[in-house]
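For the record, the sequence lines run as chains A and B. Take 8 as the starting number for the first sequence in our numbering and just add one per residue. Take 8 as the starting number for the second sequence in our numbering and just add one per residue.
Just so you know, the hints here were simulated from the structure itself, not pulled from any lab data. Hints should not be assumed to be uniformly reliable.
[As the list claims (entries may be wrong)] Simulated crosslink set (EDC-like; lysine to aspartate or glutamate; CA at most 16 Å straight-line):
hint, chain 1, residue 1, chain 2, residue 2
1, B, K452, B, E371
2, A, K156, A, E238
3, B, K156, B, E238
4, A, K100, B, E371
5, B, K100, A, D94
6, B, K343, B, D416
[Said to hold, decoys possible] Just a sample of chain A residues kept apart from chain B, beta carbon distances all over 10 Å, derived:
hint, residue
7, E31
8, P45
9, Y61
10, F83
11, T91
12, A110
13, K144
14, D283
15, K350
16, I370
17, I406
18, E411
None of the values given here were measured: they were computed from a predicted structure. Even for Gly, the Cβ is constructed at its ideal location relative to N, Cα and C.
Protein chains: 2
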Amino acid sequence: MKIHVLQKEVIDFAKGLLNEMIAEKLDVENPSFDPSNPICIADLGCSVGPNTFYAVNNIIEAIELKYKSNPQTPSFHVFFNDHTTNDFNTLFKTLPTNRKYFAAGVAGSFHRRLFPNSTLHFVHCSAALHWLSEVPKELKDRNSLAWNKGSVLHTSPVKEVREAYSAQFRKDMEEFLSGRAQELVRGGLMVLIVQGLPDGVLLSETTVGMGFCVLASCLDDMAKTGVVSAEKVDSFNLPFYHPSSKELRALIETNGYFHVERIEKLSTPWRHETPDLQLVGMHLRAVIGGLIEEHFGDEILDDLFQRHIKKLGESAFIYDEKYRKEANYFVFLKRKGVVSAEKVDSFNLPFYHPSSKELRALIETNGYFHVERIEKLSTPWRHETPDLQLVGMHLRAVIGGLIEEHFGDEILDDLFQRHIKKLGESAFIYDEKYRKEANYFVFLKRKVA
Amino acid sequence: MKIHVLQKEVIDFAKGLLNEMIAEKLDVENPSFDPSNPICIADLGCSVGPNTFYAVNNIIEAIELKYKSNPQTPSFHVFFNDHTTNDFNTLFKTLPTNRKYFAAGVAGSFHRRLFPNSTLHFVHCSAALHWLSEVPKELKDRNSLAWNKGSVLHTSPVKEVREAYSAQFRKDMEEFLSGRAQELVRGGLMVLIVQGLPDGVLLSETTVGMGFCVLASCLDDMAKTGVVSAEKVDSFNLPFYHPSSKELRALIETNGYFHVERIEKLSTPWRHETPDLQLVGMHLRAVIGGLIEEHFGDEILDDLFQRHIKKLGESAFIYDEKYRKEANYFVFLKRKGVVSAEKVDSFNLPFYHPSSKELRALIETNGYFHVERIEKLSTPWRHETPDLQLVGMHLRAVIGGLIEEHFGDEILDDLFQRHIKKLGESAFIYDEKYRKEANYFVFLKRKVA
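Build the full structure now, drawing on both the sequences and the hints.
Following this line, the structure appears as structure tokens:
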């Protein structure tokens, strides 16, 4: 079993959800998804393959299914992104020869901008967002409360350490989401597969967290025997963060550019199996070997990972089912419609609410009718608090068409959800003292010529 | 002086022409060049840099200048293309940090499709088109008239060899042009810098050709001393072709997708200098070392290129000014407008040419007028052959607006040039026997009620 197989299983678990969500949420009527233009897909943090090719293939098949009844099916342009240090030569050489898309490689961090505005239709990012853009600086500062002596991650019991990690993740996610929001078209889709934790669970209570504690203790042992300096060990921290689904949702909602269409924990059937420790060690070395080498030099690599596998064997209890709480979350997002300030400035409703005096004057100026009666209708419901959901639905029924005509239909859901929410926050406007609007009963009789 | 400096000088010579042509031929009013979308540029056969970064920068500066007076300037998406064997890792690591564009790498041969339809605005390809997709097969066939024994290129006196090379180049250029035609937007621009020969000059009469003959004789020497097999030497040929500007123009015109806006020989001031033979040898090794290794194995490389430099020293006469005829051609092309069959089928002119009988009947049915006179006007010019240029200009003045409204303005020049050309080929339609159309003088008098 090769290392990449672990990740492939996660992609497999996500496939069903992906198909379902694309079928439901991709809007082939959206002008940005016109099949005469190519559909642009980016896989961020793609590594060298073959998992990225597999994931991209799943996405393309699901999108093609959506266009099945269209007379035209789109072509696909796929952008494979990872850090500049990724081996793009290998990626390009192993691109599937029978692929149904045009391929390109994009080197750079997804915490920065990677593509021009409004050029992507679908973003995929699997098992990559737990990588922070950097280790929070306070962790390396001996004078900080967040100094992470003895730990390599946010497994520390020190609250300040966990908060520093969480703050860094918040900042990185905000950059990631805002960058992608600029790059995706209106109504564009994004699927994130995020290594995280159930709500309320600390990393230190999980198998993964305890595995990193074992690694930290190996480094500690090596410091005690003088193989590495204690200072080097104390200042070493991994740039990983494992958020809860609640944290993820809150960050996405605060960011504001995306609708959360779905957040779901992926099933993990391997949870009951005892892992092959040799494989676990090799996998970890593949993932963090570079970071170890950068901080400690490459001469400690073999020693460290041999110690690690040995200690994992001695700590087999950490693979107990009760600790295997770490989870992969499937997060499906849709880019909200974008509204330009210009569009807003030029939007006006064709409504006017006259006074009874105005009404009477207009009829009299016109001259053809006698005003037999103008009377304000009684409004007994005036004292009740209205059902805001109903108010919103009513307004949407009345002006939805005008909004659509001026702004496009992508903004409808978002706008009226915001409206109902803001009405709730502005409940004072339903105060009786402001309910002055009236319905007038006007009865006219045609004058005799 | 590094090897890439030789190519940089060519790009420098082209820079002025590039600026001039972009200023003149890029149409910022073309909807495909709307600055609210990114301008997509591809450098085909880019190698690892830095020349590609330099060339791309020249193009972007020239395009930005064109948008200077626009309220909005576009963003740029640059695609760096070369064979899958190119070192994209180095390319990505050395991308200029202060670049003004989003970058992507695209691996694959430019003799095949690389991008989705209508996604590129500007294609650049410098010092790469002389590479054929393969050595023509006949050259390696001992029973063919084009068997290229003793030569490594189309320096051979055998006509069949030269023709086989020329046929391969024709095929490759056709694929290159047709592929790019699909990938470029209507009105998209392409600049090619092609290593070629002046019209009527054979490769064997030039310094470059003679240099390859020296290389061939080194291989021959090595075969004589048994270092390599004679058979291997006889079957070795380089996949290069050096076209004349006349050939280039004819291939582009036959292909039909592009307007040739300019073909110009680039100045070569270094023509009078004696080259550094060590450098010439290193350059050649960088370019063809891989091909030699693939055919003969890597053990002959040092020996061969040492012999080559030594023999070049003994053949210094080949650097005489009179032989330095090889040239770099600057070729600037513009993608013609594309017309869909559907657009053609739905296009009709709102004209009708009645007979005098029809006219009279209509007036009488109407009833308000007396027909005092209907008379055919004399047409003394009927016997003359018209000036077709004038006929075309006249028609364009009359229906240009209708064409533009239905098809867009990008096709106007192309259509009316084709029209004048076809009229010339159909001169028989101006035969007196067909000139039956007439102008009628109609004189009416209002009836008394």
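Open item on the list: Hint compliance check: list the failing hint numbers for this structure, sorted ascending.
Closed with: Numbers 4, 8, 10, 11, 12, in rising order.
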